[in-house]
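Peer 1: Sequence:
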Amino acid sequence: MSDMEWVDEEAGPVVRPYAMTRGRTRPSSTALDLLAVITSTGVPVPAQADLGSQHRRLLDHVTQGRTGPLVEVASETGLPVGVVRVLLGDLLDHGLILVRPPVTAAASPTESLLREVISGLRAL
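If you read the sequence shown in my numbering, its first letter stands for residue 138, the second for the next number, and so on.
It is worth saying that the hints were derived from the structure and are not from the lab. Computed from a predicted model, the values in this text were never measured in an experiment. Do not rely on the hints blindly, as some may be mistaken.
[What the hints assert, rightly or not] Simulated restraints, written as ranges between beta carbons of each label pair:
| # | residue 1 | residue 2 | range |
| --- | --- | --- | --- |
| 1 | 167 | 194 | 39 to 49 Å |
| 2 | 260 | 213 | 35 to 45 Å |
| 3 | 186 | 256 | 18 to 28 Å |
| 4 | 161 | 251 | 34 to 44 Å |
| 5 | 248 | 183 | 27 to 37 Å |
Don't be surprised by glycine CBs; every beta carbon is placed ideally from N, CA and C.
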């Protein structure tokens, strides 16, 4: 697939999602939850990696310190979530990104702990 984009005068660049993912609809990893936090590993792109322009765009995005949940990455890059999941799966396979699971409700502070913190701050 070439990096050529088709342009519609009113809509701007137009490329079908399946063209960006080479026809794939599922990511290679189940770790790519919508709220999973995506960060760059800082590893150079391997010579054998067949990455398209959208792969590189996503990698540049997370490499520039814009780590965050997968849905935010999709929103900030203007790409459909399904496309981002597939492309990030490719980057994960090459070791270019890390995927951390979302914070679960059990890992978040309890209401009583938050009340204690507020009380402590008020006491200052």
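Peer 1: Of the hints given before, which are not true for this structure?
Peer 2: Hint check: 1, 3, 5 fail, others pass.
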